[in-house]
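Undergrad: Below are the chains, spelled out letter by letter.
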Amino acid sequence: MALHPDRLFPVEPGPRGIARRLYAEIARLPIVSPHGHTDPRWYAEDEAFPDPATLFVKPDHYIFRMLYSQGVTLEELGIQRRDGAPVEADPRRIWRLFAKHWFLFRGTPTRLWLEHSLADLFGIAERLGPENADAVFDRISEQLARPEFRPRALYERFGIEAIATTDSALDDLRWHDRIRASGWKGRVLPTYRPDAVVDPDFAGFPENVSAFVRGAGLDAVTWPNYLEAHRVKRAFFRRRGATASDHGHPSARTADLDQAAAARLFDTVRDGGGSAEERELFRAQMLTEMARMSREDGLVMQIHPGAVRNHNPALFAAFGRDMGADIPSATDYVRALKPMLDLVGNDPRLTIVLFTLDETAYSRELAPLAGHYPALRLGPPWWFFDSPDGMMRFRELATETAGFYNTVGFNDDTRAYLSIPARHDVARRIDCAYLARLVAEHRLDEDEALELAQDLAYGLPKRAYRL
Amino acid sequence: MALHPDRLFPVEPGPRGIARRLYAEIARLPIVSPHGHTDPRWYAEDEAFPDPATLFVKPDHYIFRMLYSQGVTLEELGIQRRDGAPVEADPRRIWRLFAKHWFLFRGTPTRLWLEHSLADLFGIAERLGPENADAVFDRISEQLARPEFRPRALYERFGIEAIATTDSALDDLRWHDRIRASGWKGRVLPTYRPDAVVDPDFAGFPENVSAFVRGAGLDAVTWPNYLEAHRVKRAFFRRRGATASDHGHPSARTADLDQAAAARLFDTVRDGGGSAEERELFRAQMLTEMARMSREDGLVMQIHPGAVRNHNPALFAAFGRDMGADIPSATDYVRALKPMLDLVGNDPRLTIVLFTLDETAYSRELAPLAGHYPALRLGPPWWFFDSPDGMMRFRELATETAGFYNTVGFNDDTRAYLSIPARHDVARRIDCAYLARLVAEHRLDEDEALELAQDLAYGLPKRAYRL
Amino acid sequence: MALHPDRLFPVEPGPRGIARRLYAEIARLPIVSPHGHTDPRWYAEDEAFPDPATLFVKPDHYIFRMLYSQGVTLEELGIQRRDGAPVEADPRRIWRLFAKHWFLFRGTPTRLWLEHSLADLFGIAERLGPENADAVFDRISEQLARPEFRPRALYERFGIEAIATTDSALDDLRWHDRIRASGWKGRVLPTYRPDAVVDPDFAGFPENVSAFVRGAGLDAVTWPNYLEAHRVKRAFFRRRGATASDHGHPSARTADLDQAAAARLFDTVRDGGGSAEERELFRAQMLTEMARMSREDGLVMQIHPGAVRNHNPALFAAFGRDMGADIPSATDYVRALKPMLDLVGNDPRLTIVLFTLDETAYSRELAPLAGHYPALRLGPPWWFFDSPDGMMRFRELATETAGFYNTVGFNDDTRAYLSIPARHDVARRIDCAYLARLVAEHRLDEDEALELAQDLAYGLPKRAYRL
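Protein chains in written order, with numbering that gives the first Met the number 0: chain A, 0 to 466; chain B, 0 to 466; chain C, 0 to 466.
In short, the hints are calculated from the structure, not lab data.
There could be a bad hint or two in this list.
Heads up, the list lumps identical chains together, so a pair's fine if it works in one copy or across two of them.
[As the list claims (entries may be wrong)] Below are the SDA-like pairs computed for lysine to any residue, each with C-alpha atoms no more than 20 Å apart in a straight line:
no.	residue 1	residue 2
1	LYS461	GLY70
2	LYS99	LEU443
3	LYS99	ARG462
Using the sequences plus the hints, can you model the full thing?
TA: This is the structure we're talking about:
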């Protein structure tokens with residue numbers, strides 16, 4: 000299946016023509032990637048990527064969750080077990096297994112991303128399958144060894160203008176320092192992700208908090224010192240270019256306790272204590288504290304709520320987290336965000352970007368909230384919804400209430416570096432398809448649609464994330 | 000952007016042709032507006048509307064919520080503050096600010112409504128923007144001064160056959176009396192809206208209830224007298240042409256307490272007492288009481304549940320209610336309505352029209368309920384969903400289970416008088432677009448679609464609201 | 000309205016052509032009907048169906064719920080009352096009443112099913128209405144008397160390869176035995192449906208449980224004997240060809256109590272005792288017990304949760320269950336299924352097919368769950384959503400996350416035997432329409448779409464249900 004130039008455009012000739020014209024103007028705009036999970040070490044060391052299986056299969060939870068759902072074991076895919084028991088070590092065998100099951104991805108975004116990468120980067124236009132698995136493996140392997148497939152060369156080739164990584168609040172950002180020290184002109188920014196020190200259910204939370212406070216040069220693990228450690232570390236991140244923080248919580252709940260109550264709550268949970276409700280309340284309080292700090296230091300605040308993490312305990316025991324077993328659940332925003340919004344929602348200097356795994360919230364809660372509060376913006380469709388139909392539903396459900404300018408353009412949100420151009424391309428095509436329909440239905444003029452297409456692809460992410 | 004004759008029709012030539020033919024037959028049908036918020040005083044006094052800002056910007060929460068979300072203050076828009084602090088008083092400056100931000104409304108129904116009004120009423124076909132703001136302001140102002148832009152002249156010009164206002168149960172309907180006394184043949188009907196006396200959280204509830212009971216010529220503020228006051232006031236409304244009541248509650252909850260328990264609950268809440276649960280229970284009980292009375296006096300009962308009102312306390316403190324800070328929330332109907340339906344749901348003489356701000360209820364709860372209970376009908380998409388895509392979703396999600404004849408046609412629900420033709424036009428176009436798809440997919444014959452288009456635009460609202 | 004060969008296909012010529020080509024290849028594939036409610040007695044006795052009203056109107060809750068919602072009484076439709084009071088007995092009068100209200104079904108799947116049956120089976124291509132009600136009645140009646148309209152002849156004519164009925168765990172399967180004893184080569188399979196003995200709220204539960212345990216040749220009504228009775232009866236069903244069980248619960252809740260606690264719970268509820276919570280917990284525990292047994296005996300487990308049954312108490316009192324008064328409600332799967340999935344979710348030998356009446360779960364919960372757990376598959380759109388738009392939404396919302404191969408093809412789920420070809424035809428057409436869009440948008444190659452169309456229509460139901 001060759002990459003068709005009209006892919007994802009509307010089928011009707013009228014809107015398809017409009018979409019083509021819009022897309023032609025934005026296809027080559029630089030990529031601004033304000034939220035994602037690539038590894039800063041790649042840009043620092045600039046070494047060749049290993050084999051195709053390690054590059055495409057083993058780190059991609061979209062891929063191995065689908066294979067697992069159809070009876071392929073993670074061991075066969077070479078995923079490391081916690082107990083060190085042997086797993087498949089031959090990348091070629093893993094690749095063959097993947098190729099044999101490639102048909103499972105029909106109709107999924109993974110299909111689009113991989114085929115785009117194979118075609119555009121590696122010149123492989125045939126459909127992957129058992130019969131060409133070896134040849135494709137060889138062809139990719141050969142090219143990965145070349146200098147033009149090193150991380151920095153790809154950064155240039157992809158037309159990236161800026162890319163943010165996501166970094167633990169405990170991270171020393173050494174790779175970011177190395178990138179800056181190297182004199183390379185690529186713009187790789189850290190993002191402040193404090194889960195390890197704000198979520199009492201995070202593995203090692205008590206030790207994390209102690210290390211965090213001490214790392215800020217403070218002694219006693221007290222609530223004021225803990226907050227001060229956040230301020231110190233946020234400043235540390237900002238000096239390395241960070242413009243945003245990121246918060247992945249089970250719910251969107253926020254709280255605004257008085258500081259004495261917050262200090263007591265901190266004392267309850269800091270050593271691993273506290274009920275489930277108290278731990279949830281602590282996370283809720285910390286969202287509000289982070290918003291307060293954002294108002295001061297200008298970090299854009301991203302909230303990614305609503306995943307039930309590690310839903311599969313057997314899999315978690317054997318392989319750990321991020322193994323494709325995180326499942327969305329119904330997520331309330333209207334009541335959950337109120338304590339935080341009561342405090343900071345009217346402040347236009349602050350930007351809070353909301354994400355969801357519950358699409359019912361788009362039209363019912365998120366668009367009405369973002370269409371009112373100056374501090375709120377809507378993030379793009381996330382995770383399971385980072386897909387053509389998912390993106391189209393987002394625009395259809397959010398635009399009539401929130402407009403376009405309360406959204407922030409696209410986030411690729413990926414650790415799959417090679418898929419980044421494909422992902423931005425899908426988003427640009429779908430936005431053009433949506434705009435083309437509005438034009439074809441005489442709801443928008445084409446010159447406005449073009450301005451919007453440019454803003455959605457480039458202007459909005461730059462401005463919203465202060466890049 | 001001139002008004003295109005094919006706007007909102009399907010893009011494909013086949014269904015577009017069908018939609019055109021259907022629309023041509025219904026475009027000029029009279030407007031029946033059974034639910035809305037225009038001011039009866041307009042029709043009574045028939046005075047010229049003031050300037051464009053006062054007409055289009057200041058009273059329209061769709062408009063100022065969007066501007067506010069992007070950092071424009073309500074003071075700049077001339078919205079009166081409760082503390083009397085000065086706000087922008089120059090309509091031209093307000094209009095300029097609005098025009099400068101007009102691009103924010105791309106993709107929203109506000110865009111469609113305003114452009115329809117400007118083009119059709121004022122002959123202004125250019126797109127609004129900073130460069131023509133003054134010229135447009137002048138052109139509108141000039142025309143507003145003319146007799147043909149007075150409320151009654153517009154009523155005729157719009158082809159309105161009947162229009163309902165929404166009136167507090169405490170209202171003396173003096174403007175309605177003035178309209179009738181004037182001999183003008185326009186049909187303006189009141190609607191019984193008892194929030195001020197059935198919602199214990201309504202500002203001034205205790206005083207409202209006392210005044211209400213006394214106003215009915217009764218002395219003691221007792222449960223029986225309170226119910227009797229409703230009967231008296233409903234009859235008062237009916238004598239002035241009312242055919243419906245309207246109920247805006249935080250939830251759809253109903254209750255059917257025995258009368259002794261209801262009397263005790265009334266005594267608990269009537270002076271401002273009662274827990275949150277008791278106040279909610281009182282509202283729930285009152286929906287059932289209203290249904291019981293509707294069964295007797297024939298008023299069609301409208302239920303508009305699910306808005307979290309005044310979500311933004313700072314804004315509420317400064318400007319009061321209806322400032323664009325009402326946010327929908329998840330709304331249950333299946334369990335909430337059961338007590339009331341157990342009592343009256345099987346009665347085909349009663350009509351209860353259900354609305355929602357939670358689109359997930361369309362296919363899951365509302366269509367199955369309305370497709371079974373003789374007393375239930377589905378209101379049109381409401382508020383945030385009074386929009387092209389919102390209307391299309393409603394038909395797509397409700398029709399396969401509830402059909403068309405358990406729906407009631409369109410409500411414009413607006414206080415923006417000049418937008419009424421635009422709003423009905425959008426609804427008619429979208430219904431024709433939906434019907435055209437069914438015909439093009441051979442799910443419906445075109446003669447049936449035409450009958451349906453006529454019923455949806457005219458027959459159903461007349462029959463459902465007994466107009 | 001004649002049956003148009005392009006009905007339900009996309010309107011655009013490009014995808015319409017693709018859909019036609021796909022459909023041409025699958026239209027005549029055999030019907031595999033792994034879940035439904037036809038009466039095994041029909042196939043055993045092979046007698047003529049009675050008149051049109053008894054065949055089409057009286058047993059079809061889709062039909063009489065719509066008529067009832069518009070003020071037609073169930074008595075007028077000849078539905079038997081529990082108190083034996085007289086109801087309409089003349090099938091011709093019932094049919095006339097139905098024909099008079101046939102316009103109510105515009106836009107509904109009932110319209111498609113009935114017109115398909117009338118045209119294809121009875122050669123009646125005119126639209127039903129008051130003017131031709133008698134003629135149509137006569138024409139159908141006359142044909143029903145012919146041998147080619149007997150159940151077995153229709154089975155052949157419909158091209159059925161296998162059809163499952165749904166049978167109480169208390170059933171002796173005599174009709175299934177009669178079918179097998181008759182030597183007829185049609186394949187009619189029972190399905191194990193244990194509601195009467197696993198749901199403490201089922202009418203007669205205590206007696207049912209006693210009879211069930213005794214029926215297995217066991218004495219004491221104890222938890223171990225009760226479980227053993229399930230094993231015995233499941234084996235009895237399997238020997239008669241059953242490949243699946245079916246479970247219709249108010250929620251999807253599961254539990255995994257230790258056996259001592261489960262035994263105590265059984266003792267609490269078995270004689271009609273227990274709180275609402277305990278009765279719900281018992282149902283939850285039984286889903287897990289059934290999953291455990293399925294893992295051993297290989298029965299595919301179907302879960303149909305989320306209907307609030309008998310929502311209308313007056314109707315229930317007069318007419319009993321299944322009278323069109325079951326209403327869907329919001330249904331959680333992520334937390335509800337966890338206890339069962341913790342136990343069996345990773346077992347690829349087990350197949351659990353999930354259904355829903357809450358469409359919001361498709362993209363938020365069901366596709367993510369089925370796209371991960373090897374034991375899970377998604378059933379087709381159910382009940383209110385067994386409709387063209389309902390099916391299209393299912394594909395649009397589930398495919399991008401779960402793909403096609405975690406779904407199981409179509410279930411007709413009907414007791415309306417004559418509608419079976421129409422229902423499968425609708426599903427095949429909609430799947431072709433969806434696939435055609437993917438091809439037209441260059442997301443899938445046409446040869447893949449054809450393979451998928453064949454799998455969705457035939458291969459997947461056979462494999463998923465082990466037929």
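Undergrad: With reference to the structure, classify each hint as holding or not holding.
TA: Structure-based check of all given hints:
In this homomeric assembly, LYS461 and GLY70 come within 20 Å of each other (Cα to Cα) only across copies, at 18 Å, whereas the closest approach inside a single copy is 43 Å. For a Cα distance limit of 20 Å, the shortest separation of LYS99 from LEU443 across copies, 17 Å, qualifies, whereas the shortest one inside one copy, 46 Å, does not. When the C-alpha separation of LYS99 and ARG462 is checked against a cutoff of 20 Å, the pair qualifies only between copies, where the shortest distance is 19 Å, while the shortest distance within a copy is 44 Å.
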